[in-house]
Amino acid sequence: MLRFTIRRLMSGVVLLLVVTSATFFLAHLAIGDPTAGLLGNNATPAQRAALHERLGLDRPLITQYWDWFSHAIRGDFGTSWRNFQPVSDQIALRVPVTLSVVLAAMFLAAVAGLGIGIVTGLRPDGILARVLKLASVVLFALPGFWVSLVLVMTFAVRLKWFPAVGYVPLTQSPSAWLSSITLPAVALALAAIVMIAEQLRNGFLEVSRQDFVRTLRARGLSSRRITLHVLRNASPAALTVLAVMSVGLLGGAIVVEIIFNLPGIGSLTQSASQIGDIPVLLGLTAVTVVFVVLINFLLDLVLGWINPKVREI
Amino acid sequence: MKKIWRATCAAVAAFAMAACTNSVTSTGGTTDEDIKIGTLLDVTSWDPAQADIGFDGPYLSALYDPLIALDKNSRPVPGLARSWRFSTDHLTLTMNLRTGVKFSDGEVFDAAAAVQNLRHLKDGVRSGQAYANVTAIREVDADTIALDLKKKDDALLYYMGVGRSWMASPAAIEAKTLATRPVGSGPYTYDEGKSTPGSEYVFTKKSGHWDDKTYPFGTVHVLPIADPTASFNAMLSGQLDVAYANAADIPRAKDKGWNVASDVATWVGIQFTDRTGKELKPLGDIRVRRAINHAFDGAAMLKSVGQGAGVATTQVFPAGRPAYDEALNDRYAFDMDKAKRLMAEAGYPDGFEVTMPMSSIFQPWQPSVQQTLGKLGIKVTWKNLSPADYQKNAATYPMFVAVLALDSNPAASVDGRITSRQWFNPNPSTKDFPEVDELIGKIEKADGEAQVTLIRQLNEKITDLAWQDVWYQADNTYFSVKGVKVTPITGMMFPTLRFVQRG
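Chains as they are written, first to last, in the numbering used here: chain A, 1 to 313; chain B, 1 to 503.
Some hints here could point you the wrong way.
Cut-off 35 Å, straight-line C-alpha distance, at most; resulting in silico cross-link-like pairs (DSBU-like, lysine-lysine) [as the list claims (entries may be wrong)]:
id, chain 1, residue 1, chain 2, residue 2
1, A, Lys160, B, Lys485
2, A, Lys160, B, Lys254
3, A, Lys160, B, Lys206
4, A, Lys160, B, Lys205
5, B, Lys152, A, Lys160
6, B, Lys482, A, Lys160
7, B, Lys213, A, Lys160
8, A, Lys160, B, Lys256
Output of the computed footprint for chain A on chain B, the stretches with three or more beta carbons under 8 Å from beta carbons of chain A [claimed, not checked]:
id, region
9, 192-204
10, 308-314
Worth flagging that the hints you see were computed from the coordinates, not collected in a lab. Being a predicted model, the structure only gives us computed values, none of them experimental. For glycine and all other residues, C-beta sits at the position ideal for the given N, C-alpha and C.
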């Protein structure tokens, strides 16, 4: 298990290096000269040159890269070109927003998806199974932003149960925080719930038909214990889907942040892109990659724990 | 399994009840003393020298007092400057300052503070444009300052009023901390504890502010909401009392009984940067520029792309203001045959080739431009740029699609559109157009109504010369709930708090 863990960690580090390096060079190529966005439209060439010097943009790109990289590995992502505040401070303000929504969505997806998957697996011809089939078709056919808008119109505008926009930090008011993330999290989680439930249900049905289950039944084990055996064998596929969806949720969070006007990393990415704030973009990329690597790493550990064969891959 | 179900149902119910109960307190709307304002953009900077005045008005006007403010007709009115006068040669502006005002850190507002602020604003990359003609800023006595000018500047007071004379604490300027920790003498203080940067900024009213009556709301919440649908939904759900609006939602807003306030804010069309043909010979021919003007159906573009929110016009002076001339709007009536005739007369019956910049912001107009110019045989090669690069580089092309802010003050309109160097007007010289040059000279010397008459003549002249191809002037629109009234000010993309009143 230790070798397996180290191998997975190393591949995560390599991924982090590749993605952040590629982002660095691509951002410099794509964004070009950021001084227009930072100084406004009427800055003089002298003012632009002064800012170039202040930001170190007058140095060779490879020197700039090494400077960024050598600081980044020590956790220093530099300062924002927009307001010259530490990037890490800005990300620290935004990450809790996105993580609140994404983790709540993952929690909802895991609990509801696994719950529905088990129930529909046990009763494949029940009403819930039929509803699940219909929901899987409908939810995949509808665009995510449309589903979000329906939720807003129903639960925020009509019923006024939840706010239509905005985010309240957990530290300010736990109840208002919960209220502000509920609709975004549900909007993000709906498709994931259906997908996880479908995977688990299918896995459940497939495993239930296997010989070892028949043997367990013949040995007279209680249905609860048999269910647990089946669940253990059927869950890897659903867990993989959960991990894949969690990465997808991070991407979906950007759309949801716009619709619900949440000040998360999605909206920060958007504003940093508009003005060409490369240090912020690089910091956000690094944080996102770490999150993705971490999720996959945790999944690998869980799968490795559930199924020892995975460790040999 | 039944137990699991029961537990799950109970948990979900508890969660929903908690959320619903909480929502009553968190989203139950505002009290009579509060106001929640939804604007399009987050604050650019808390430092008035770095702020972009367009959308920063509601944020900065909460915290800072201006030396000079504007009234609803865009005329300068006293702020921290109680009165002012220009010298007879118009080269010195003397201001008498309000006394007894303190900044929220305890620093005193006096002549020294005003001088330090104005020097800070003049040095600012963004704010410095307003003070381009100011050569010196002097302290005359404890409550009097003087600004020396290199030439008569009729736009200076307007620029100061539109958002370029916010006064900040001298200590904060000295410490260079304004960008993140604003310290002003304004009617409100920033409540950092209740604010969520990027989502909601909360300002609490001070007691005993010298201009207390102008600010009727106890607490001001400003929410930057970039997505128009999100903003409209926030209005519908009762989370906002005022919103920067999408014109397409006006009918629904009226159905709801909200107040709808609109006024022109930008002109939309094609800016010709090369009017002499130095870079692209055909553009030096007035018949070609006029042909392009005739080729575009501005009214149709206003209806289709501009959602009908604005005024179809050929002018860059704001509709309804003194320099605007209704009669000029017929000058370039949509007439493709005439446009083709003019092209042929100019020697370009088959058109010509041109490279134009494009970015995501201007894409709504791209197909119309491509198609319309194509009908004249003008083949456009588009050069795609990022929005930031567009503003830096668009004027290096002979012509480009533009959405440019308007100013309500006639002298500022001349300065901003024609005589001063701007990103969209890198070569403000008018020497190649003697009639324009002569009029500008006269305008600079004139005052009052005589000056406005001359500016109207200038408007006619540059329209006649097809100085640019204006399709329409687009409105900015604001929705407000009953009991709250917004007065749009052309020149402010979002008005300052003094223009958000009960009513």
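Handout entry: Restraint status (C-alpha distance of lysine 160/A to lysine 256/B at most 35 Å)
Key = holds (16 Å)
Handout entry: Restraint check for lysine 160/A with lysine 205/B, where alpha carbons must lie at most 35 Å apart
Key = holds (28 Å)
Handout entry: 35 Å Cα cutoff - pair lysine 213/B, lysine 160/A
Key = Within the cut-off at roughly 34 Å; holds.
Problem - Distance restraint between lysine 482/B and lysine 160/A, which requires alpha-carbon spacing of 35 Å or less - result: Satisfied, since the Cα-Cα distance of roughly 19 Å is no more than 35 Å.
Practice task
Would you mind confirming whether the straight-line C-alpha gap from lysine 152/B to lysine 160/A stays at or under 35 Å?
Solution key: violated (57 Å)
Problem - Coverage criterion applied to the region 192-204 of chain B (partner chain A; beta-carbon cut 8 Å; 3 residues) - result: holds (count 7)
Exercise for the section: Quickly compare the C-alpha distance for lysine 160/A and lysine 254/B to 35 Å and report which way the hint goes. Expected result: holds (21 Å)
Practice task
Measure nothing beyond the straight line between the CA atoms of lysine 160/A and lysine 485/B; if it is 35 Å or shorter, mark the hint as holding.
Solution key: holds (25 Å)
Problem - chain A over the region 308-314 of chain B, status - at least 3 residues with CB closer than 8 Å - result: Answer violated; 0 residues pass the 8 Å Cβ test.
Problem - Given hint lysine 206/B paired with lysine 160/A - CA-CA distance at most 35 Å - result: Measuring from Cα to Cα gives roughly 32 Å; hence the hint holds.
Violated hints, in rising order: 5, 10; the structure is consistent with all others.
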